[in-house]
Structure formats: C-alpha cells, structure tokens
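Undergrad: Given chain G, put chain Y in place with the hints provided.
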Amino acid sequence: MADVPDNAPEHCPGTTSEQAGKSASCQGCPNQKLCASGATKAPDPAIAEIGAKLSTVKHKILVLSGKGGVGKSTFSAHLAHALASDSTKEVALLDVDICGPSIPRIMGLEGEQVHQSGSGWSPVYVDDNLAVMSIGFLLSSPDDAVIWRGPKKNGMIKQFLRDVDWGELDYLIVDTPPGTSDEHLSIVQYLSSTHVDGAIIITTPQEVSLQDVRKEIRFCQKVKLPIIGVVENMSGFVCPKCKNTSQIFPPSSGGAEQMCADLNLPLLGKVPLDPRIARSCDEGRSFLNEVPDSPAAEVYRRIVQSIQDYCSNRVTEEQSTT
Amino acid sequence: MTVGILDVDLCGPSIPRMLSVGHTDVHQCDSGWVPVYTDAQKSLALMSIVVWRGPKKTALIGQFVSDVAWGELDVLLVDTPPGTSDEHLAVLENLKKHRVDGAVLVTTPQAVSTGDVRREITFCKKTGVRILGIIENMSGFVCPHCSECSNIFSKGGGEELAKLTGSVFLGSVPLDPQLSSSIEEGKDFIQSFPDSATFSAISSISQTLLNSLQMT
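Heads up: the sequence lines are chains G and Y, in that order. Counting from 1, one number per residue, gives the positions in the first sequence under the working numbering. Counting from 1, one number per residue, gives the positions in the second sequence under the working numbering.
Don't take every hint at face value.
[As the list claims (entries may be wrong)] Here are the simulated lysine-lysine pairs, DSS-like style, with alpha carbons at most 27 Å apart:
hint	chain 1	residue 1	chain 2	residue 2
1	Y	K126	G	K270
2	G	K58	G	K89
3	Y	K163	Y	K56
4	G	K224	G	K241
5	Y	K155	Y	K125
6	G	K152	Y	K96
7	G	K22	Y	K155
8	G	K152	G	K215
9	G	K152	Y	K125
10	G	K222	G	K152
11	G	K241	G	K222
12	G	K224	Y	K56
13	G	K53	G	K89
14	Y	K187	Y	K163
15	Y	K125	G	K22
16	G	K224	G	K58
17	Y	K187	G	K222
18	Y	K155	G	K241
19	Y	K163	Y	K126
20	Y	K56	Y	K125
21	Y	K187	G	K215
22	Y	K125	Y	K96
23	G	K270	G	K224
24	Y	K126	G	K152
25	G	K33	Y	K56
26	Y	K96	Y	K126
27	Y	K56	G	K215
28	Y	K155	G	K243
29	G	K22	Y	K187
30	G	K152	G	K22
31	G	K152	Y	K56
In short, the hints are calculated from the structure, not lab data.
Okay, chain Y solo, but in the shape it has when bound:
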C-alpha cells in the first residue's frame, strides 16, 4: 500500500522530524513539486512547511494539495494543526474536487481536551466531513518498572465523547516512552517494537479504519 502524508501544520510542522526527513529540500518537476520519500520503495511520501497570517497559509495549502506530484496513492493522510480555522478550511476547499473519505479525531482523555474536540466534531458536521472515528491518545501509562497503570491525563474521555456525539470509538493509544523516543529519532516504531501493546493498539485502529474505508 502506498501512503502520502500532507502536513498542513504550517506553524508547527512535526512530521518531517518524526519520519526522519528533517533537512531535505523540495524540488519541482514537470508535474509539480516532488514529495519527499522516506524510503527507497517510495511507499511513504511526505509534503510539509513559519509566521504567516491566514490568507498566506491558505494559498500555500492550496499549492500543497494541487501542485504536489503525489503519483498513485492508496491513502493520503492530512495532518492538521489544532483548531477550526484557515488551515482546516483551506484543506477542505482544496480537496473538494477529490473525495474526502473522512476525518479521524484525536483527543486525550481529559475533559479539557474533549471539550475542544466537541467543537471539531461540529466543524466536521458543518463542513460535511464524515467522522471516521475518535482516537484517545495518551491513554494511561504503564510503569515499565512495576507495571502500575497511571491515568496521567485522566480516563475514559474519548469513549464518552464518542458515545455523546454518536461517533465510532476507534481505540486508545497509551503513553509510551518507546513511542516518544522513536518519534524523536524519526525511527519507525512499528518496526522497532512490534511486540508492544502500543503497536497492537495502533494496528487495531488502522485495521478498523481500513475496514471502514473498505480497503482490506
């Protein structure tokens, strides 16, 4: 399966570091900008970017969507910044002519987080974006020394939010220092720690998503 990631968090683009493609220049070819590939097999393509006001961000996102030579992709994932503003509207406007399968919403368990995600759900409903489901991140921490589970960011908010809003609860991903380290170093966590509980959580979530996209 070939996947593309479009990072439209223009002010805080984290994806390049997480995928270990930090300081790469973007080139242009006849069909547009060439995305950055994370591997020789070109199975994962990336396009990402700062102190800009809304209209400038909107224009760049438009270019990212239309002018990048993504090639044939099975899935294009778009990572967005927090909020319901220019970047989100720009992505939707530019993807209008293509089919947007839907949105996955990520929350942490606390009410302070689900409080904002409720508004994001409204944004999706108002803009006609299908909600594929809710993921609860940072869902508990199992101490590597004694296996005691601590609910550092509270508990259960993601599932409650899904029930409250009639959305699918896709699953929880625990806090995992190994995941954080992998991301810091731009390593593929799934290759490095295939036996971890975190890997099975992420695996199960992506399987559910692929099923809902009818891609299995």
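Only chain G is shown next, with the shape it has when bound in the complex:
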C-alpha cells in the first residue's frame, strides 16, 4: 500500500508509521482497520524494487548537514559537475529537498520539465553524461509551494528512487534538505537494499552550525551510513581589495577541524567564501568552469579527488574480499 494512499484523510500519519490506524486523523478512513492490524508495517516492497533499479549505479553518495544554509546544494551541484567533467563517467544528481528545491536553478535547469516514458521518468540532462532530478521540475510556477507533511514527502522520495530511469551510472549524488527528519530517514530506508558508499557532511565553522552537524553525524552512525568526510564551507573571506582575511563565521570552538579531530573523521577541505560562487549558482553555471583559478575552486578539486579515491578504494576492497 502507498505510504499515504489516495483515499487517506488529510493528516494521515503514513501506513508504515507507528501511528498507522491509531492516530486521531485515522478516524473514518477506509484503511483504518488494515493499518491498525499491522499489515501495512510489513517491509515496503519498494525497498527491494529500488535495490534492483539502482543495481546499475556504481557509487551512491549522500550530501548531508544538520544545518540549513551551509552550502549543501552548492556543494552537491559542483561535485556533480566535477565528476561529470570526465566524459567517460555517467553522473546523476537527485534533489530530495522537497520544500526548497534549489538544484534546478543551480544547475541552470530552471523551467525544465520531466518527461515520462515506458521505462519511467526521464531525468533532465545538463550534459550528455550529467542528469538531474528534482521536485522543482514537477512544479509549474516558481511560486508554487509544496506544503506536504512527512508521509507525502516520503512517497515522493520513493518515486524518485524507484521510478526514474537513471540508467547505468558511475555516481548518483543525493542532495538533502537540512535536518535529521523524514527525508533523511526515508532515503536511508529506501536505499537499505543497495550499497551506499557514504555521506559527505557539510558545515560552516561556527559552533552553532557544528552542534547540529554533530547530530547529523550521530544520525549517520545510528543508521550505519559511512561518513566519507566533512567539508567546511564559508571558511574565511579574503578581502579582494586589501587581501586581509576575516572570519565572518568564526570557528569559536575550533571549527570543523577540531570536530573532526574529536570524532576521528576526515576533514576533506575548507572552502573559503567567494562572491563568485553565489553568482555562479544564481546564474546556473559551474564556478569550477567560471573561475577555475580561484582558491575556492582549488579546494573543491582536492575534495572531489578525495571522494573519488574513497569510492575507488571501496571497489578495490570489495574485489579483494570476494
């Protein structure tokens, strides 16, 4: 049964939730008895279907953060661009930020629509080897708001994983919204019968950001999602005029460097603030192409290399154990 069936009442808690059939909103729902009996809490068959569908995807990477506004989507988009710069690799970027889908704009795909074919939904292509999927492509206006509760968002994520015709991919990058809630639990749940290489955690230097990011890290550990490493964004600003550095977002508790040392996690890089990054994102262009010599672009390239090395090492390890 669908997580939120079509005939469910407005605040349906979801057929697989603990409250299924028991919540106040279940009163009068034709499915109430079925849900309350526990029959709907059997493992979702979609999990196995997604496992089969994504068997043609070699590497899956999640981009997470506990905090909003730290640059997850910016990072996900540029990771996708960087990986796809090797024309022999097939790369896809999946945006599961249902309420705030920024990826279409950042990838220069605003206004594009998704098409359906016999083999499922076709993602939107930036280049021959770079595909994107986002709820943004399903909305007809930039003012449309997706005012959905958790169960409905979960249903959308399931469709993205099961019904999109991804084809053979070297990398599938999943950009997530901030937090540790429905979208994150669902993506981990629906990918549970596939192998996820790991998560990249994005933060900014301040403790206010790190305290949420630590929760995200605990979430990853709880669901046994490997952490590839941490990226510290907005790490200092060099004034273009006098070249002095300002710590606009001060690393008052030692920044990501201290956190990674405390938690024994790799710090993949510290990306400085650069006004050209925001401009490129607004214009839907890759700043790695626009300003390849900028200090931020150099840090990005090193981070991407670490991620590629991590993924190749995982393949080598698997081959040596089989």
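TA: Leaving out everything else, chain Y in the frame of chain G:
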C-alpha cells in the same frame, strides 16, 4: 516589554546556544512546562528541542504551544526551520485559536535563496498568515581593515522579492563577524555593540515591525 521565543526547529535548535541557555533542564509546574528565562527580570522566555518524523514533531510542537506556562507576554516569536512542512503546519494549527499577527520572512540576497522564499510566501498566503515583511540577511560585508564592501551572497534580492510579491521590505542586515561571535558565545550583541551599523539595522527593522503591530 516581555518577549517569548518558541524554537520549533526540532532537528536543529540553535536558539538555546545563541541566548546562552545551552544545558538547562525544562521543568513542569501546575500550569504546564516552565520556559527557560535568559535573565533575572524574566524579560525573555525560551522554549526549545532530534531524529523524528513528522507526526512526532507535530505532537511536540502542539505541546510547546499549549502546555508551556508563558505567562503574560507582549510578543511571542516563533523561530522555524527552513521549509513548508510539518513544523510550519503544526505551529499554525496550534496557534489558530490565538491571534497570529503575521510572519517575517528572512532571505539572503541571492536568487537561490529568494527562490525558496517565494514558496514560503505562497505558504503564508495559502494558510492565511499575514506577511509582515521581508528581511535580507547577510547583506554585504564591510571589511574591517579597509572598509571595502563585498557582496558575498550577491545583492538586492530581498528588495526585489518584496517588490515582486507586493510585500514590505523591512530592511537589510549585513554580515558582521561581531554578530556571529556574539551569537556563538550567547552574548547580547545589542548590549555589546550598540554603535555598530548592524545594531542600527536590526533596531530599525524591529521598530518598523512594532509599528506595524501597533505596539509603540
């Protein structure tokens, strides 16, 4: 004036640290949960909270709204997480029986940010929440060494968004390392840096808001 802050960002609650009330337990009294006060004069009360799905978050927010003994307040501010989902719907549903004066929307200058805030505006219109105005945060950075202004997160998006959607533009707040440090340390920026441009920006915004709430 007595003010309360309700932090419904359950997964990323930042308000306790920013107000220096990090590790305090919440107690219950006969009238409900006791909010945490940031000062002896009890002029600022706070209630805040994780890996939860929507229905559980909704239930807790309901409790925060109904079961906290806020006492007499002039203003209750509700800080929300990004998005248009469970937390936002839960707050509105629970505040329905009280009067919600309106919402203040915060954006940064770039199109990537205003693109999401447009959707938030639609959320307000659809749920009947009056939009008190738009604030543009992280609006430029003045180098403390040479005073050169850099538009790190682009420029002008907040004002454009206000024009586009027929909303009031309340003002811009610049990027300010002193503000960031104060927040990190849970200090009152307004007490510590009363002469800063950032303070006058925030002051002017709050004055405009109070005028629109007819509280001057």
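Undergrad: Run every hint past the structure and note whether it holds.
TA: Status of each hint after checking the structure:
1. Y:K126 x G:K270: violated (41 Å)
2. G:K58 x G:K89: Given that 27 Å is the threshold and the Cα spacing comes to 11 Å, the pair holds.
3. Y:K163 x Y:K56: The given pair, whose Cα atoms are some 38 Å apart, is violated under the 27 Å limit.
4. G:K224 x G:K241: The given pair, whose Cα atoms are some 47 Å apart, is violated under the 27 Å limit.
5. Y:K155 x Y:K125: holds (26 Å)
6. G:K152 x Y:K96: holds (23 Å)
7. G:K22 x Y:K155: Cα-Cα ~50 Å, so violated.
8. G:K152 x G:K215: OK: K152 of chain G and K215 of chain G at ~24 Å, within 27 Å.
9. G:K152 x Y:K125: holds (21 Å)
10. G:K222 x G:K152: holds (24 Å)
11. G:K241 x G:K222: violated (46 Å)
12. G:K224 x Y:K56: Holds - the C-alpha atoms of K56 of chain Y and K224 of chain G are around 23 Å apart, at most 27 Å.
13. G:K53 x G:K89: holds (19 Å)
14. Y:K187 x Y:K163: Not OK: K187 of chain Y and K163 of chain Y at ~35 Å, beyond 27 Å, violated.
15. Y:K125 x G:K22: Measuring from Cα to Cα gives roughly 32 Å; hence the hint is violated.
16. G:K224 x G:K58: holds (19 Å)
17. Y:K187 x G:K222: Violated, at roughly 34 Å.
18. Y:K155 x G:K241: holds (18 Å)
19. Y:K163 x Y:K126: Distance of about 19 Å is within 27 Å: holds.
20. Y:K56 x Y:K125: holds (26 Å)
21. Y:K187 x G:K215: holds (24 Å)
22. Y:K125 x Y:K96: holds (15 Å)
23. G:K270 x G:K224: Holds, because 26 Å separates the two Cα atoms, which is no more than 27 Å.
24. Y:K126 x G:K152: holds (18 Å)
25. G:K33 x Y:K56: holds (21 Å)
26. Y:K96 x Y:K126: Cα-Cα ~14 Å, so holds.
27. Y:K56 x G:K215: Status holds; Cα separation ~18 Å.
28. Y:K155 x G:K243: holds (21 Å)
29. G:K22 x Y:K187: Violated: K22 of chain G and K187 of chain Y sit about 45 Å apart, past 27 Å.
30. G:K152 x G:K22: holds (18 Å)
31. G:K152 x Y:K56: holds (15 Å)
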